[in-house]
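The chain contents come next:
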Amino acid sequence: MLRLDRTTYDAIVAHAKRDHPDEACGIVAGAEGSDVASRHIPMINAAGSPTFYEFDSTELLALYKDMWARDEEPVVVYHSHTATEAYPSRTDIGLANEPGAHYVLVSTAVHGNSEGPVEFRSYRIIDGVVTEEDVSVDDTLLAPAEQ
Amino acid sequence: MPIEVRIPTILRTYTGGEKAVDASGATLSALIDDLEANHPGLKDRLLDDGDLRRFVNVYVNDEDVRFTGGLETVLNDGDQVVVLPAVAGGV
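Going down the list, the protein sequences come from chains A and B.
For the first sequence, this note's numbering gives the first residue as 1, with consecutive numbering after it.
For the second sequence, this note's numbering gives the first residue as 148, with consecutive numbering after it.
Don't take each hint at face value.
To be verified - Below, a list of computed lysine-lysine pairs in the DSSO-like style, where the Cα atoms sit at most 27 Å apart:
id, chain 1, residue 1, chain 2, residue 2
1, B, Lys190, A, Lys65
2, B, Lys166, B, Lys190
3, B, Lys166, A, Lys17
Worth flagging that the hints you see were computed from the coordinates, not collected in a lab.
Start from the sequences, fold in the hints, and give me the full structure.
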């Protein structure tokens, strides 16, 4: 199960809505081995595309070096689908290279940039095998400090 | 002095769980051959048809090797090499 605090959950949804119709992407980092998603880092989709996302390679390195310096790892890797359901595509599965991460998919297909609910789902993707898991948004979890 | 190569989580099965390993080589290509000699299987995860895989990033001293000559990038003792899979996907 993925547990997220309300602030982080809302920030991921807002990011997905803001970038619609392009795919939005980012990470929630947390202390290594903790499985606690504590630091939301929205990333720029270098592909700038409604059907593809990719972190810029220079920003990717900076992100990982920052996490290493803090003894963190990616707890959540998220991106949005803007015309299809919140389920990992074959490409998403083939490129899922963080076996310890929760892969979050947000679909903005129904309401786009507007108010309204999104589809928000989480998966483990290990060796090409996708396993959906529950998402618990916990209002009692402490909101992480804003960056 | 060896060259330190930072290995991403997904490839640590090839390094016995080590986050970083030492290797040597005058170019990135030679370094990858040296890595393969000590950690068989790694080369195939980095290269496809003799080229760096599209969704694998390699950095030498923080520079993406795609901008520094790719596999022919020259290495020197004490350089730091980082391997990071792209974070990417698509429909």
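Here is what the structure says about each hint:
A distance of roughly 23 Å separates the Cα atoms of B/Lys190 and A/Lys65; the hinted pair therefore holds under the 27 Å criterion. About 17 Å separates the Cα atoms of B/Lys166 and B/Lys190, which keeps this hinted pair within 27 Å; it holds. The hinted pair formed by B/Lys166 and A/Lys17 fails the criterion: a straight-line CA distance of about 36 Å is larger than 27 Å.
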